[in-house]
Structures are given as structure tokens and as C-alpha cells.
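Colleague: Once you have looked at the hints, place chain B on chain A.
Here the protein sequences line up with chains A and B, keeping their order.
1 is the number of the first residue of the first sequence in our numbering; add one for each residue after it.
1001 is the number of the first residue of the second sequence in our numbering; add one for each residue after it.
Don't take each hint at face value.
Stated by the list, open to error - Simulated pairs of lysine to any residue, SDA-like, Cα-Cα distance not exceeding 25 Å:
1) A:LYS255 to B:SER1296
2) A:LYS290 to B:LEU1047
3) A:LYS67 to B:ARG1304
4) A:LYS255 to B:ILE1251
5) A:LYS27 to B:LEU1047
6) A:LYS118 to A:ASP12
7) A:LYS92 to B:ALA1139
Calculated directly from the structure, the hints in this document are not laboratory data.
The structure displayed is predicted, hence computed values, not measured ones.
There are 2 protein chains.
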Amino acid sequence: MDFVDELRLLKDQLAFEHKFSVPKETKNVVIAGMGGSGIVGKIFAELYSALPVYLVDDYSTPGFVNKNTMYIAISYSGNTEETVTSLAAAMKKGANTVAITSGGKLLDMPHQRVVIPKGLQPRSALGYMLTPLLKSFNAAPRHEFQEAYAALARIDANHSEEERIAREIHEGEKIPVIYGVPPYKAVAYRWKTQFNENSKILAYSGSFPEINHNDTMALKGTYRKGEFYFIALVDGRNMAVERRIGITEAITDIKFRRIKIEGQSALARVMAAVHIGDYITYHLARMRGKDPLDVSVIEELKERLQAARE
Amino acid sequence: MDFVDELRLLKDQLAFEHKFSVPKETKNVVIAGMGGSGIVGKIFAELYSALPVYLVDDYSTPGFVNKNTMYIAISYSGNTEETVTSLAAAMKKGANTVAITSGGKLLDMPHQRVVIPKGLQPRSALGYMLTPLLKSFNAAPRHEFQEAYAALARIDANHSEEERIAREIHEGEKIPVIYGVPPYKAVAYRWKTQFNENSKILAYSGSFPEINHNDTMALKGTYRKGEFYFIALVDGRNMAVERRIGITEAITDIKFRRIKIEGQSALARVMAAVHIGDYITYHLARMRGKDPLDVSVIEELKERLQAARE
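The following block holds chain A by itself, in its conformation from the complex (with noise of 0.2 Å):
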């Protein structure tokens, strides 16, 4: 399977219908997880805050984690040290626990697993990883989930738009930084990863409104500028925050291309710009000459890392 087939998958997985048990004691939800399956519990926190969700991004389990904490570890492999070592510490601390992952230990701790195919990249399998949290919670009614895959179908249909913008960057060798404009502040970050993992180049993101209290600062009088390729993510909806994008082209004498996000419901919305990042991160990788399934270096850094410990 070549990396656009991976891609096409993506719309599937959203009727994906494996759910776990949220009880109605729950104070709290932690989610850990790490790259790939980490940036699902970034997406899920932007669109469902019904109760609080703290993110887990390393070895660490919060102090106020206890039986009424809904604590989700979130692997692919099932395998990755930081959140099995989380997971671990918060079974201690008695939280009610939830494992989504295709096998590996994390199969074997928690009180419920949520098992999902195996034999993608972790980055591919956004949507098994996702729709449970979505499903679990009652964060979206079901033709959201509809509208999302007719909106991802499109996507996977033409992404010519998707492969002009790698094209751009590809010619200018630029630094891609993306901006989202809620709720595509995660998303965002998934393009960064994205340019990282299938495109092999350096990528940061960031979010307005809060560029302006930084940012743009640097953005008048940096060097360098004309080496980045600023991205703009907008919906139409939010204009309190998207005045900014253009006020703030204005007196720093930058241009953000603007990525305009269309569909009804935040969840089709959010899976669309999840899915635009996919196809510009694969045009660039082709044009590139880069294999986007290739994470080779992070293996061998999971293996020294496995040997230190030996």
C-alpha cells in the first residue's frame, strides 16, 4: 500500500464504531499520547470540553489524577515508553483507564481497550483513533460524521489546490508555519508534524490571536522572513480572529496564505484541514523525491534508545 492509498482510508475509519464506557462520576479526562497518535487527544481537546481534558505529551502522570479520572493512553503501536510509563503510574493512582491501540502492551494494562486495525502509519490512522473519543463522549452527532466523510471524499477526489501550495514551497525551499484560528489550533500542529514525517522538512505552527502578542513582533523586523511560507487556517466564522490575519499583514509587510476551511459542523470542518495537510505534505515529499512512509530515522532512535536501557 503506497502512501495515497493510506490517505484515501481515512474517511473510513470514521465509521469506525468501537467505544468505551465514560461514567458519570467523571471529574476530568486525560489523555496521553505522543506524535502521531498524541496530536488525536490535541484535535479531540479543541472540539469537546464538556469537562476538563489535560494532555499528557511525556513520561508524566498529573498529581490530580484519581478514580474520577477517565485516563485514555493513546498508542498505535501500543508500544510507545512515554505513555505506557504514564498509563502505568496512573493505574496506580486508581484512575478508570482506557487503552486505544493496535496491540503491543498497552493491550494488557487498562480496565478497556479500544482495538484498531493494525498495518498503517500511526499518522494514518487519525480517524480509529479519534472517532472512539468523539463517540465515547457524544462530541458530534452522527451526521457530522457524515458531512466529514463527504468532505474528505472530496479532498481525496482533487487535491490539485493541495499540490499548487507544495509546489510553492518546494520551489522556494521555504519553512512552512502554520497558524490556526480556532478551532484548527491543533490541526495546525498536525501540519508541522506532517511536514516533518512525510515531507522530511522542518515545519512550526503556532495560533492566532496568539501571534499577535509575539509573533508579530518578529514578523516586521526578523531576518530571514522571505525563507518561511506562512499558512493561514480560517473558517469564515471567527471574524474576531481572523480581522487580525489581515491587520496584521498590513503593518508587518508579511502575507499568510490563507487555507479556507468549508462545511457545516466543526468535525467535518476540522477532518478537512486535517486532510488538506495530509495531500500538500505528500505532493511536497513526491516532489521532494522523499517516500513519505519512510520514518527510518525515528526507528533507529527507538532502537539506540532500547539498547541504552539494555
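Modeller: This is chain B only, laid out in the frame that chain A set:
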């Protein structure tokens, strides 16, 4: 008062004794703030996890907020529109509210207020804004504040190493990328914002171990990597994470400039780490002929936003 005078005041801010009361019914904490005021919540959340701390860096107010939420709005000016908007909605939801501010609209809104001295840049008032959080939540014993004072005084007395690092960045016209090992993840972001506001250059931040799941792939194969200056904030205490740095260097051919943070308590080390970045960014501003106090672009943006609303 010039900027280095402001920096020297940071240590004295640790003696600030104003507190607010935290009811024992408190189930969760929200801290809303932007930019130089927002970083305070980020640093606090990395030092304190006895309650779930949820950060807001836009106009929003999370859905879970209710009477058991301690809602803390931090804005040095007291007029930050995102924070004022977020606080107003939290009050409607019945949250227990407090403002940490030197004046403005925030003075009149919440149930409790901590009034801090006027006349500084918000980013130079970090101690005034952080200390009430730490003391009100009993997050650090008194002797740690004393140790932090001494650590800051040592840096005030000698910042030649900071000047050397600034010179390396300046001579290569490098873009700094700062990676924090826990508990320096928020500090890495603080450095990024100080490079932006003080030195007027682009800068980005991230953290170990998360970087090993995405950036690492790019560090090996990217274009332009010689244009960046990679920094790792470490303290020799978190070897599960720190051994990753050497391995990452070995397999990607990147060098991280390690900044070793000294100190017994986490508070003293975090404050020292903040201050090292303060001086690096100050020296870099000086070398570039930029005024570190100048935030005219951000001020202009606020005025244009105000005009657009009227």
C-alpha cells in the same frame, strides 16, 4: 528605566505577597491569558498538577466551567480583549473568578483581584503574575523562593555566557529553536516569545520527548537546517528524556546547544531558565541595534483592531 533595569527587578517580584483564596470545593482551574501574561499560566501548569489546570489563549471559555471552577484571568494591562471576553463568560457560568492585573477593565469584574505594580513591560512582570499563583495554591515552599532569588541574582551579576550565545545567533543570523525537557517546556516557549519581542527575530519552540516523534525525521533530511540554532534546556535530572538528545544528534547530524540549568528546587531552576533567556534575547537585541522595549507593532495592531470595532 531601560530594559536591563527591568530584568533586574524579576528577583524582587518573588517577594510579592498578595494571594487569593482557593475554596476547597475547587475541582479544576482555568487560567486565561495571552502572550507575556499567558506564559505565566503555562509555567504554573508545568509546576503544579494537584488540580487540573486548563489554559485558555483565545476568546473562548471552556464548556465545563461552573461554580467549582477557579477561573483566573491574567492580563498585565487588564484590557486584553481575549482575556476580558473569556472572563465575562466564565462569570456568567458561575465560576469563582480572580484577576491578576495592574489595572484596566479586569479590576472591576471578578470576585477577587490581585493588583500588581504598573510601569513594566508585561513580559518583565512575570514574577508579579506567577508568585500569587504559586503562593495561593501552596505550590512551592518559602525556601524555594529564596533559592530562586539567589539564582536570579547570580544571573543578573554575570551574563557573559548569555552574551556569547547571543553572539553566535547574531553572527550566523540564525533562527533559534528552543526545546525544553520537562519542566522547561513552557520556558522554551517563553524564550521563543522573548526572541520575538525583545530581539525582533522569528523563533520557534518545542519539547523533548515529543520532538522525537516528528521533528527528528525532518532534522535528518531537511533543507536550510544550517540556518537554525537548536537549543535544548536540560538539568541533568531527567535522564529518560535527556539521553534522547545525544541519540538524536548522532542520527541526524544536528547539534543542540545544551543549556544546563542549575538549582535544587524546580522553582529555582525554572526561574533561572526563564532569566537566561531574558538575557540572551536582551543581548541579541543590543547587537542587532533593536530596542528590546519597543513593541510598537503590537501596539499598532491593537489600535487598528479597536478602530475596526468602532
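Colleague: For a quick check of understanding: which of the numbered hints are violated here, in increasing order?
Modeller: Result: hints 2, 3, 4 break, sorted rising.
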